[in-house]
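A.B. asks: If you read the sequences in order, they're chains Y and X. Here the first sequence is numbered in numbering that gives the first Met the number 0, starting from 0 and rising by one per residue. Here the second sequence is numbered in numbering that gives the first Met the number 0, starting from 0 and rising by one per residue.
Think of the hints as simulated: they come from the structure by calculation, not from any bench. Predicted model only: the values in this text are computed from it and were never measured. Here a beta-carbon is modelled for each residue, glycine too, at the ideal position from N, C-alpha and C. A couple of the hints might just be wrong.
Covered by chain X, per the in silico footprint, the following chain Y stretches (three or more residues, Cβ under 8 Å) [as the list claims (entries may be wrong)]: (1) 65 to 73; (2) 209 to 216; (3) 308 to 321; (4) 482 to 490.
These are the residues of each chain, in order.
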Amino acid sequence: MRYAETGYYLEIDLATGNIEKVESDPRLTELHLGGLGTNVKLFWDRVPPETKAFDPENLFIISSPLLVGTPAMSFNRTCVTTISPQTDLLAYPMMGGFWAAELKYAGYDKVIFRNKSPKLVYIWINNDKVEIRDASHLKGKGAVETREIIKQELNEPNACVAAIGLAGENRVFLASIEQGRSSASRLGGGAVMGDKNIKAIAVRGTKDLNLARGAEFIEHVNRAQDYIKYRNANPIPGVMTILAGIGSPQEMVHTDEKWHTENFMWGNSRTRRRGFWDEKIDDEWPRIQLEAIKRLISCYNCPQHCGALLSFRDVPRYKMKCFTKLTYCMAAYVDDLEFGFRIAQRATEYGVDGFGTPQILAFAVELYEAGILTDKDFEGCPKDKEGRFYWLLDRMVRREGIGDLMADGLYWMAKRLGPEAEALEHNTIKKHEQLPLKLGTLDPIYFLMYSTNEKISITQIEGNWPQGAFPTMEMREEFVRDWPQLPDDHFKQYLLDWNPRGDNSIPFFPTPYMCSEIVDWMEMLHNIDDALGLCCGMGSFCLKPPYHIHNYPLLVSAALGMDIDEAGLKKIVNRSRNLHRAYNNMKGMSRKDEKPPADHWKRRFPELEEELLSTYYKYKGWNNDGIPTKERLHELDLDYVAEELTKRGILKDGED
Amino acid sequence: MAKIKKKIKTITVDADKCNGCRSCELICSAFHATPKYSAINPARARIQVIRYPMKDIWLPIFAGEYAPAECMGREKYLIDEKQYDECDFCRAACPARDRFKEPDSGLPLRCDMCEDEPPQEKPLCVQWCFSDVLIYEEREEEVEEAEEVDEAEIGLKSLVDKHGLNKLAETFARMTQKG
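This is chain Y alone, in the form it adopts within the complex:
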């Protein structure tokens, strides 16, 4: 019997229609756990790095990580893994919701798609019965609309449906996969799903999922639950509201958006509007938000309220989470939150990334204002800010006119338009849109997280370490006093010594070595979460979370019946991370790509930045080009990777 996982993959060849239920190798679980870890291994084994996103050989894996479906609260993530059309690197957009748990209960850990369907289809997984069904009637339908139609035609209200909208069908690089209140939005997972002609994947499961040592597992869960209750009742003082609690940023709960609207950039990540949140806005925006929210909702087996069902005036109902309520208003310079809730509904039906899309719409406006795009490009476009954004969004998801340029994202649009446009494109890393933030002095920790992580999305790399130094020693002492999540006590001293200004402040403190340790810790947590399926809001993303390096191994051991300690768990996720790194190295990624946008900070320190990268690489066991060394790979039982990198000339004999 297999525990925590089902031990089965569903392998679907879309070209031939062949569907097979294949038992997975239990040894893979020991080596890579599940979720992202095993997905990366499948890519290494099956997909040559020369493969491009829209090649039939590219796999589209949609998976339920190791602890999803177990009683451990907030383990509910779906991990999609595929080659990104935008970056040509191995991407893993993730989403919450209910889909992944339902897949486990249907008896599968992953669905692995290869090749392309000759026509638009959807997949219906009902326990052992799996069908590829015609989806021609769903062509062009919205993602929310599609889910409702499928549930109705299957007469199965409890089916979970992950669907793409028009953007995915048209292979827009910003296309998301939508699933209720959650979406896998980053790096073009929806575009690959659309390229394979999969409109949706519906699943219903009514089978048992087994735990090896269930009673022991529940004891660990109970302790985590006690802590969740404690943290919900005791927000962290001295940090901004969304960092004080646990869970994803509670953007549907909080109505005071002074911090986001005044610190994040407006337009094409261009303008900081200090003083925006005045009395009038403070009255209007919270009122509109409260009017729009019908109910606060969560993902599967999670006590938080990060998402909401929205029912706003004449706008069709949809669900929202996180920061999307602000991104469209801010990108369009529209001071009316009503616009945000209206356009987000259309964008959700189209199925597009709520971070990247507003930036690309704003970029098009900026290019027009700069004379790079012309009246001819904007023929038929309304003149008002709101109308212009709707018009651009419609063009983008249909790839009509300039929409075809926009559909590939900021980097590729600028590249096609030439150097003048490239000069205005200033918010991508490794060709992918980042948070609209432009700050003062280089932050060495963020520099490393931005530059180096395989996730290529800063929001999901940062986490347990505070974003800035606490101003007073009393606050620091208070913070470190009760900090059981720390992997090692010596980190406390780093925080105590860290000043907001003067000595021991950024960019030179924490030192490059300390930064490497801190970033390694953050990355380790994210890699654990992504293999186990935990919402990073309850683990790697927030301050003092309920799950951490001291209780993950207890949960994994009790669930699997396979004793793994902290060092063992760390080794497993390091193995998967280095495998992922090596795969991306084979796709051409190296030190040259590891840099934040030039204007991300006003005050840059080129020598220090080089030192930061070199120190971090050394700490990680990588060579000066950011490639894992043979020694490091050997320690992680990845000699076969070293051999391949050497064969390809990426690692050279005699070179560390």
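Since the structure of chain Y is provided, determine the placement of chain X on it from the hints.
C.D. replies: Just chain X, lined up with the frame of chain Y:
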């Protein structure tokens, strides 16, 4: 029949507070697994969240008495502009639907308030609901003494209703002979 004092356990459902997480279903199935917590399967849960998310309906319902036949109830209820079927509120495992039945055997399920030795402070679904949807209360009432019907008997009764006593007796005899 003699009157006895009985502890009455009730759960009030404040459905408007439900965040739809379904932890109640999950832990119910885990608690009732054998051995306890060895398996999870919300389809086996004795509490089910009836859910039509886009209609803003999340309605936790507890499994009640088994019903051998489909009822005639086809009424619709409009509450706060939300339309419910009469069936949504019904606690019975009945032939008309899959709810409150073991997914493999089809045998009916019934909420037992997590009666256990040693007793649980509260049913597990209540303990796991952090949104205060499920409010548990106990009170003493004087009731007529009734024979307790255990789960095996409920299951057998449903099989009798489905196949007839004779068929069941024949099958039982055959199985006994086979050892």
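A.B. asks: Run every hint past the structure and note whether it holds.
C.D. replies: For each hint, the structure was consulted:
no.: 1; hint: 65 to 73; result: holds (count 4)
no.: 2; hint: 209 to 216; result: holds (count 5)
no.: 3; hint: 308 to 321; result: holds (count 4)
no.: 4; hint: 482 to 490; result: violated (count 0)
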